[in-house]
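Trainee: Whenever a hint applies, use it, and build me the whole structure from the sequences.
Note that the protein sequences, when read in sequence, are chains A and B. Each step along the first sequence adds one to the number in my numbering, with nothing skipped, and position 182 is 457. Each step along the second sequence adds one to the number in my numbering, with nothing skipped, and position 24 is 42.
No lab work stands behind these hints, which were simulated from the structure alone. Here the structure is a predicted model, which means the values were calculated and not measured. Just so it is clear, CB atoms sit at the ideal spot from N, CA and C, and this is done for glycine as well. Treat the hints loosely; a few may be bogus.
[Claimed, not checked] Sample of chain A residues facing chain B (criterion: CB under 10 Å; computed from the structure):
no.	residue
1	Lys389
2	Glu395
3	Arg490
4	Leu535
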Amino acid sequence: MDINTFLAQFVSGLSVAMLLFLISSGLTLIFGVVNVLNFAHGSFYLLGTYFAYQLMQLFNNFWVGLLVGAIGAGIVGMVIEILFLRRIYGRAQEGAFQLLMTFAFILILDDVVKFIWGPEYKTIPKPDSLMGSFNMGSVMVPTYNVFIIVVGLLVVLFAWYFLTKTDTGKTVRASSLDRVMLGLLGTNVPMIMTLVFGVATAMGGLAGVLAAPLRTVTPGAGVEFIIDSMIVVVIGGFGNFWGALLGALIIGEVLSFGILWMPELATVLTFIVMIIVLIVKPEGLLAKKAVGRK
Amino acid sequence: MKRKLISLLLVLAVLAPLTAVYGAETIKIGALYTMTGRGGQYGKDSEVAIKIALDEVNAKGLPGGAKLDVIITDDKNPQYAVSVAKRYITDEKCKFLFGIISTAIGLAVTEVSKEHKVIFIGTDHAGTDLTANKFQKYYFRSSNNTFQSMMAGAYYLKDEVKNWKKIAYIGPDYAYGRDQWMELKWGLDKLGVKYQVVGEYWPKLYEPDYTSYITAIMKAAPDILVNGMWGGDTVSFIKQAKPYGLFNKMKYFHVDAGGNYEALAALGADMPEGIIMSARHHNNWPDTPANKAYVQKFYKAAGRYPSYAAEGAYVGVHMIAEAIRKVGNANDTEALVKALEGMKIQTPEDPPGFTSYIDPKTHQIVQIQAIGTTVKNDKFPPAKYMLGNFKIYPADKLWPSFEYIDYMTKVKGK
Numbered sequence: 276m277d278i279n280t281f282l283a284q285f286v287s288g289l290s291v292a293m294l295l296f297l298i299s300s301g302l303t304l305i306f307g308v309v310n311v312l313n314f315a316h317g318s319f320y321l322l323g324t325y326f327a328y329q330l331m332q333l334f335n336n337f338w339v340g341l342l343v344g345a346i347g348a349g350i351v352g353m354v355i356e357i358l359f360l361r362r363i364y365g366r367a368q369e370g371a372f373q374l375l376m377t378f379a380f381i382l383i384l385d386d387v388v389k390f391i392w393g394p395e396y397k398t399i400p401k402p403d404s405l406m407g408s409f410n411m412g413s414v415m416v417p418t419y420n421v422f423i424i425v426v427g428l429l430v431v432l433f434a435w436y437f438l439t440k441t442d443t444g445k446t447v448r449a450s451s452l453d454r455v456m457l458g459l460l461g462t463n464v465p466m467i468m469t470l471v472f473g474v475a476t477a478m479g480g481l482a483g484v485l486a487a488p489l490r491t492v493t494p495g496a497g498v499e500f501i502i503d504s505m506i507v508v509v510i511g512g513f514g515n516f517w518g519a520l521l522g523a524l525i526i527g528e529v530l531s532f533g534i535l536w537m538p539e540l541a542t543v544l545t546f547i548v549m550i551i552v553l554i555v556k557p558e559g560l561l562a563k564k565a566v567g568r569k
Numbered sequence: 019m020k021r022k023l024i025s026l027l028l029v030l031a032v033l034a035p036l037t038a039v040y041g042a043e044t045i046k047i048g049a050l051y052t053m054t055g056r057g058g059q060y061g062k063d064s065e066v067a068i069k070i071a072l073d074e075v076n077a078k079g080l081p082g083g084a085k086l087d088v089i090i091t092d093d094k095n096p097q098y099a100v101s102v103a104k105r106y107i108t109d110e111k112c113k114f115l116f117g118i119i120s121t122a123i124g125l126a127v128t129e130v131s132k133e134h135k136v137i138f139i140g141t142d143h144a145g146t147d148l149t150a151n152k153f154q155k156y157y158f159r160s161s162n163n164t165f166q167s168m169m170a171g172a173y174y175l176k177d178e179v180k181n182w183k184k185i186a187y188i189g190p191d192y193a194y195g196r197d198q199w200m201e202l203k204w205g206l207d208k209l210g211v212k213y214q215v216v217g218e219y220w221p222k223l224y225e226p227d228y229t230s231y232i233t234a235i236m237k238a239a240p241d242i243l244v245n246g247m248w249g250g251d252t253v254s255f256i257k258q259a260k261p262y263g264l265f266n267k268m269k270y271f272h273v274d275a276g277g278n279y280e281a282l283a284a285l286g287a288d289m290p291e292g293i294i295m296s297a298r299h300h301n302n303w304p305d306t307p308a309n310k311a312y313v314q315k316f317y318k319a320a321g322r323y324p325s326y327a328a329e330g331a332y333v334g335v336h337m338i339a340e341a342i343r344k345v346g347n348a349n350d351t352e353a354l355v356k357a358l359e360g361m362k363i364q365t366p367e368d369p370p371g372f373t374s375y376i377d378p379k380t381h382q383i384v385q386i387q388a389i390g391t392t393v394k395n396d397k398f399p400p401a402k403y404m405l406g407n408f409k410i411y412p413a414d415k416l417w418p419s420f421e422y423i424d425y426m427t428k429v430k431g432k
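Mentor: Okay, here's the thing in structure tokens:
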């Protein structure tokens with residue numbers, strides 16, 4: 276394989292991986308800190324997209340749409356956490372309740388979107404400044420795909436700084452380890468849960484708006500990648516932010532080179548990778564053995 | 019006493035016609051459509067078209083003053099659709115099963131129709147199987163199957179596209195996507211076209227990200243890329259492929275569902291010019307009063323222009339009404355089957371001088387196929403491009419093909 280083909284396929288894989296990461300990181304953050312497997316995470320992606328669409332109808336500005344889409348999805352996320360999810364924390368069989376409730380929200384939010392904005396496909400155009408492509412050697416790369424990769428990397432940097440260098444970040448990490456102890460030390464744990472849920476769903480919304488110019492804005496779009504996101508989270512380790520990054524990169528590149536070399540098996544390859552990880556390191560590549568979690 | 023009797027008779031005389039009206043039979047049609055998620059628009063559009071057709075049919079009248087009524091349920095998945103279809107027959111006493119977007123669900127429901135001997139009019143699902151190797155006498159289809167599209171496509175590639183040899187295919191990895199490719203290759207072979215397949219790509223249905231497929235296709239460098247996607251997948255693929263310059267480097271060919279209005283509307287100005295597409299109904303072709311009236315009626319009712327799913331549903335209701343008129347009632351299923359077989363039915367997509375008909379042997383509607391290329395046209399907003407430069411393929415050249423049905427039966431079984 277010549278270097279140009281390798282480079283083209285690698286950059287494609289990177290672009291796929293970054294969108295996957297933006298979605299999966301929110302999913303894994305909620306699981307790691309709030310201890311909820313949020314099946315409805317894709318619905319916040321969907322809400323972000325539609326909020327952005329609505330704002331762009333009014334202001335015709337992608338950046339306003341991006342901001343409002345992310346914040347709007349985060350606010351709805353916090354409201355749902357406060358009004359509904361908080362009520363089932365700590366119940367016996369909490370897992371089953373979580374599954375049912377978050378699954379119900381997929382259906383509810385999907386229908387809400389259809390009720391407000393209709394069933395037909397909507398369009399969110401790219402901003403003018405990110406139109407077109409440029410040549411990297413002899414490889415053509417769309418500017419917008421590079422923008423997504425850059426945003427993904429910025430999120431990684433910001434998350435690293437927040438989680439390791441700030442007190443709030445350290446509190447969030449602590450709450451993922453032992454929320455009872457954290458509460459005893461005087462931290463308002465429910466507020467931390469709500470904030471984390473809000474930030475994570477806002478990241479889902481952000482991913483939705485970023486993906487919208489490349490994808491179809493339609494009811495139902497939120498559930499389509501939830502399986503891929505789950506695979507990413509399983510590979511990286513449930514609840515592990517950096518694991519989501521690693522998992523997304525692996526899946527993006529495996530898929531990308533799989534399509535080039537063995538297109539018949541490309542989609543199966545991601546599952547094969549997941550199975551191998553589950554056999555070799557069932558807790559996920561970057562997860563530590565769970566100890567002392569309450 | 020006599021006066022009382024006369025009064026009573028008078029009252030009865032006044033009430034009699036009313037009784038006739040209120041006592042008139044309501045003939046129920048049990049419809050199943052995808053109403054949620056990605057395919058939801060197809061269901062919603064079909065619902066609007068059904069309402070328009072019902073108003074027309076009931077205004078014209080049916081034998082004995084009967085009225086048609088349609089119940090619609092979200093079909094969800096094959097198992098659920100089967101349970102609803104059975105309920106329609108046993109509890110709701112529906113005389114007809116109707117609709118269905120997905121071929122997988124259509125294949126499940128046709129078994130119910132066969133078992134209960136209830137007529138099933140398929141209005142949107144296009145898998146050729148239902149009117150070929152999976153044929154059963156109570157099934158009829160009011161829109162074309164994928165073979166008709168792909169056979170017309172094979173003629174187009176033979177006659178209209180010059181100097182090509184290398185061909186690649188991308189389509190969703192399930193029966194609908196697989197069948198189109200098999201049918202196109204069969205058609206090309208049949209017409210004696212020589213070609214070389216340089217790539218076959220099978221993303222999953224509703225794949226959100228085609229970036230890696232696009233760079234792999236660019237590397238394979240076919241002269242013609244055939245796409246077998248539908249709906250939002252088409253929109254995503256085109257949006258993602260355009261910045262790579264894919265449409266300048268190869269001919270793009272997408273003739274079963276590519277030119278569906280919903281994709282033209284969603285892509286707006288992002289639609290590349292000059293790509294080869296078709297759909298099962300076009301809002302701007304044929305330029306006949308019947309098609310214009312249908313499109314405008316739909317727009318008035320829904321505030322948007324119809325996708326092709328709507329026309330299949332619209333035609334399906336009219337097929338049922340015509341059969342009932344011919345037989346005189348909706349109770350004699352065997353007579354209704356006979357009435358539908360060979361039925362001529364004027365549809366919005368019929369150009370002047372042609373009337374669609376139901377092939378009596380396969381129960382498939384036989385229609386003219388029109389393949390075009392995208393041209394600037396903002397008469398159907400929000401679409402900025404519509405299809406133009408149409409090439410027309412006569413209906414009887416496309417269906418039935420018993421040679422292909424035999425081939426399909428060999429490959430896929432009965």
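Trainee: Could you tell me which of the numbered hints above are not met by this structure, giving the numbers in increasing order?
Mentor: none
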